[in-house]
Structures are given as structure tokens and as C-alpha cells.
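Based on these hints, arrange chain R on the given structure of chain H.
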Amino acid sequence: MKGIFKYVLMDLVRSRVMFVYTLLLAVLSVSLLSLDNNQSKGILGLLNVSLLFVPLVSILFSTIYFFNSIEFTELLLAHPIKRKTLLLAEYSGVSFALGMAFTLGVGIPLFIFSPTLSAFILWLSGLLLTLVFSSFALFIFVFFKDKTKGIGAALILALFFTLLFDGLLLGLIYSFSDYPIDKPVLAFISFNPVDLARILVLLKLDVAVMMGYSGALFKKFLGSDTGTIYSIICMVFWIVGPLLLAVKGFKRKDL
Amino acid sequence: MEGQFTFHENTQAMIQVEHLYKTYGKSKALTDINLHFKSGQAVSLLGPNGSGKTTLIKSILGLVLPEKGMIRINGEIISNTCTYRSQIGYMPQIGRYPENMTINQVIQMIKEIRTDSSHYDDELIQEFGISNIGNKSMRSLSGGTRQKISACLAFLFSPEILILDEPTSGLDPVSSELLKEKVLRERNKGKLILITSHVLSDLEGIVSDVVYLQDGNVMFNKTVRELELLTGQKKLNKVIATMMTSELPQMQEL
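Chains as they are written, first to last, in our numbering: chain H, 732 to 986; chain R, 12 to 265.
Same shape as in the complex, but just chain H:
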């Protein structure tokens, strides 16, 4: 497993897409963080950018990478390697490389410009999002035969979680505004890793205005610390769940 992980990483470090992604994140981070003297504003701006970019890039890049390396995967599987080992090694390599890109592009500028706890949480939530969405990509790779359909599914999934889900949530809140729906909404939010990442950062930032409905709910019911732990646990489930399903499905997949 270590061998495959090392070489996947070696391949990706020299990938141009990865370089451009890192550079883009770095430019955005530096410009947003140095724009204003108010650090919270900078972090908020960066949060919004990360919430849109990280899921989309992570899931698309990983999906395309997994599908492109299918012939090499076959070649490796003709050697005495377990399918599970190979799949997890490929996942670790890709998600580690994407996580590195995020750390270099967003993490390091954050620690230079604003070395605060909220900055650390922003970096952490970006990393978790990277892991979640490359895990989705692996799931798509295993359960879709065709690369084009796989990429389509990846796009839909990313857009669903970054844009559509909040629309649904708003619809839900408005339709049932006469009822005490706070707790169901809280549960509903746990189904969206992007919302969880947003709440994770907002709980640590003391910007009540920006907290939004979901953030306020978390603070009200769970308090800042419990809310943070709850969000992190939910996101870990979002990483492990698709991964386990992918490993299980890959055992029965025809290559």
C-alpha cells in the first residue's frame, strides 16, 4: 500500500492541474486576506471561496484521475495485490495530494496573515471537505462504468451539495415555519458536508450576523464546542461511509 501511495503522490506532485489549483488558491487567499484589516472579513471571504471551489475541484479531479488510471489499476491488479489495498492506496494518494494543495494554497497564507483559532478551523474544514469529496469520487468511480457518466455524476453531486441543498433547506424551513422544526433542520443539515464545514468555521468566528439560520441553530442547541465536535464527527462519517461502500462495491466490480 505504501508503495502505491508514494508513486500516486509522485505522479500528482508533477501534475499541472494540481499546480494551477494550488496557485489559484494561494492568489485568492493572499488577496482576500490582505485586502482588509478586519481579519474576520478576510476569513469569511476565504470560507465562501473554499466552500465553492474545494468540493468541486476535489470531486472532479479525483473522479477524472480514478477513471484515467483504470488501465494502470488493471495492470496492478494482475499482480498479487488485494483490491481493497489498491483502492485505498489510490484514494489516500489523491486525497493527500489535494489536501497538500489546499494547505499550500490556503493553510500557509492563513497562518501567515491571521494565525488564529478560526483560521485553523477554516484550514481543517477545507481539508475535511477535500477528503469527503474525493471519497465521493471514489464511490462514483466504483459504481459507474463510464467515465463521462461518472464526471456528470460528480458535477451533479458537487452542485447539489454546494447550491441546491441550501435551496431545499430554505424551502423546508418556509413550508413548515408554523411548526417547531428546529431539531429536524439540525438533523437535515448533517446530511450536507458543505454546510457542516461552513458551520464549523462560523461557530468559531464571532460574527453573529453572518452566522445564518443554521449556524444560530447549532449554537443554540449544541453550543460552540459540542457543535464543533458534532460537525467534525458528521464529516468523518461522510468520509468513511462512501469509502466503505466503494471498497465493498469494488470487490464485485468487473474491470
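Do not rely on the hints blindly, as some may be mistaken.
[Said to hold, decoys possible] Using 25 Å as the maximum straight-line C-alpha spacing, the simulated PhoX-like pairs for lysine-lysine come out as follows: (1) R:Lys37 with H:Lys878; (2) R:Lys191 with R:Lys245; (3) R:Lys39 with R:Lys245; (4) H:Lys876 with R:Lys39; (5) R:Lys147 with H:Lys733; (6) R:Lys233 with R:Lys49; (7) H:Lys813 with H:Lys737; (8) H:Lys813 with H:Lys982; (9) H:Lys815 with H:Lys982; (10) R:Lys233 with R:Lys191; (11) H:Lys984 with H:Lys733; (12) H:Lys984 with R:Lys147; (13) R:Lys79 with H:Lys984; (14) R:Lys39 with H:Lys880; (15) R:Lys79 with H:Lys876; (16) H:Lys880 with R:Lys37; (17) R:Lys191 with R:Lys122; (18) R:Lys191 with H:Lys979; (19) R:Lys122 with H:Lys737; (20) H:Lys876 with H:Lys984; (21) R:Lys122 with H:Lys815; (22) R:Lys233 with H:Lys984; (23) H:Lys979 with H:Lys737; (24) H:Lys914 with H:Lys950.
[To be verified] Beyond 10 Å from chain H on every Cβ pair, some chain R residues (computed): (25) Leu152; (26) Gly181; (27) Ser219; (28) Leu241; (29) Val250.
Because the hints were derived from the structure by calculation, they are not lab data.
Beta carbons are placed, not taken as given, at the ideal position from N, Cα and C, and that holds for glycine.
Same frame as chain H, but now just chain R:
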């Protein structure tokens, strides 16, 4: 060459395929395939496109999971295990590698993965002159060069069984000859070789047996000598052409 056919007569089958079935959706890829291959045989898997050749090869490699039936490699049933694959060298039809890795890195990676083997057969690496271009990235290579890398990797661990899927397609005449000579040398060492190829002239003098697949069924499975006697032809492409134009069911009975 005839002498070489005799020594595998009494040995146990290295590959045993029994009542193998595979369907993709509604289409039947393999129907009740029964085949036994022994050491020292060089078997040519022939058949039109979509006849199930690659599916059969992939089933043996454990890449495709059949619905019914059993495959044994040296007596060991292959479902739910991967260790048997250390005895097989596989050269795929299309070799695609991580684009940003160099040739040396790919070879090194495969060597590192194969902790079970420390002795390497780098004859082909030498003959193809791969060491001279070892620092080139996989992205920059032509299809033929990638094919050479695939061939080198298939032979690298001196496996007992070699499975070559369209090995000479895309290779220049010199490299193609080098590969054929290598295949012959390995066969003479008593290894089992499975080759699919549409270029029958490339198989001339290499193969000892021919298995013809059509629509997922084995139409015939005979030695080249039997086929030559049956058809009265000497050239492999003529032999196959004669077999194809004659009544196949009758041929099977012979």
C-alpha cells in the same frame, strides 16, 4: 518443434477453466467454457471482436468475476485470493500509465510492489534499450514504446504463466521480432503462454495450440499439428481460413 510438445503431456494442468459463464447485462460473454492448459504450451486465443477472448483472459486474472464456473491455477481455486497472480505475467492490450511518472519510476514501482520476488528478468529491458530512455515521462511516449514497457513488465518476474493480449500491435518490426523470440525462449523453458492476436503471421512458429472462440463459445481447441493434418495447410492463416470456411460442428467432432 515436435519434440517440445511431448513433455507437457503428463504434467498437471496449470490453468483449468471449468464450466465458466459470464454475462454482461443481457449479452452472454462466455458460455460454458472448459479449457485445460499445461506447461510448455503456447496457446493462441483466436476469435472475432467481441468473442470473449479478453473476458476469458480477465477472468483468469481475476479482473472479471464470472457468474458460474471455476478456474484453477496450478490446482488452486482463484476466487477470493490474489496470491496466485504472482505466477502470472500479464501484458494488456492497451498500456496506460500515470502520465507524470518516468519509465524508471514505473518499473521501480512494480518492483517495490512485488515484495515476493527479488530476481528480475530484464532481458527485454536490455533488448528494447529501455534503460536509455528511462528518464522520459510516460506522457511523452508513443503507443509502441508503451507497449514495450508493458511487455518488459510482463516478463520481469519470470512468471510461470504469461498472458499476452495483442502483444505485437503497435510494435515496430524489429521489436516485434525481439518479443517473439523472447516468447519462444520462455516457452522452451516450459512456461505456459496465452496469446491473443489478430495478426496470425505473428503467431507463426510460436503457438502450439489454437483455441477459437465465437460468441462466447469454444468452437475448437486443437494443436497446430492436428489442425495442419485436418486442413492440409501449412501456414497458420491458411489453416484458420480453411477451418472457418468448413462446417465447424463437424470439425469439433473430429
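Hint consistency between lysine 813 of chain H and lysine 982 of chain H [alpha-carbon to alpha-carbon, up to 25 Å]: With Cα atoms ~9 Å apart, lysine 813 of chain H and lysine 982 of chain H stay inside 25 Å; holds.
Outside-interface status for leucine 152 of chain R - nearest CB in chain H farther than 10 Å: Fine: 14 Å to the nearest Cβ keeps leucine 152 of chain R off the interface.
Holds or violated: lysine 984 of chain H to lysine 733 of chain H, with C-alpha atoms at most 25 Å apart: 23 Å, holds
10 Å cut-off, C-beta based - leucine 241 of chain R kept clear of every residue in chain H: Consistent with the label, leucine 241 of chain R stays out of reach of chain H, its closest Cβ about 35 Å off (over 10 Å).
25 Å limit on alpha-carbon distance, applied to hinted pair lysine 880 of chain H and lysine 37 of chain R: 21 Å, holds
Exclusion check [valine 250 of chain R not at the chain H interface, CB over 10 Å]: Given a closest Cβ separation of 31 Å, the condition holds.
Agreement of lysine 39 of chain R and lysine 880 of chain H with the hint, judged by alpha carbon distance not exceeding 25 Å: 24 Å, holds
Holds or violated: lysine 79 of chain R to lysine 984 of chain H, with C-alpha atoms at most 25 Å apart: The given pair, whose Cα atoms are some 16 Å apart, holds under the 25 Å limit.
Pair hint outcome, lysine 79 of chain R versus lysine 876 of chain H [Cα-Cα no greater than 25 Å]: Holds. Lysine 79 of chain R to lysine 876 of chain H sits at ~22 Å (cutoff 25 Å).
Hint consistency between lysine 815 of chain H and lysine 982 of chain H [alpha-carbon to alpha-carbon, up to 25 Å]: 7 Å, holds
Lysine 122 of chain R paired with lysine 815 of chain H [C-alpha distance capped at 25 Å]: 20 Å, holds
Pair hint outcome, lysine 122 of chain R versus lysine 737 of chain H [Cα-Cα no greater than 25 Å]: Cα-Cα ~13 Å, so holds.
Comparing the model with each numbered hint stated earlier shows that hints 3, 12, 18, 22 do not hold.
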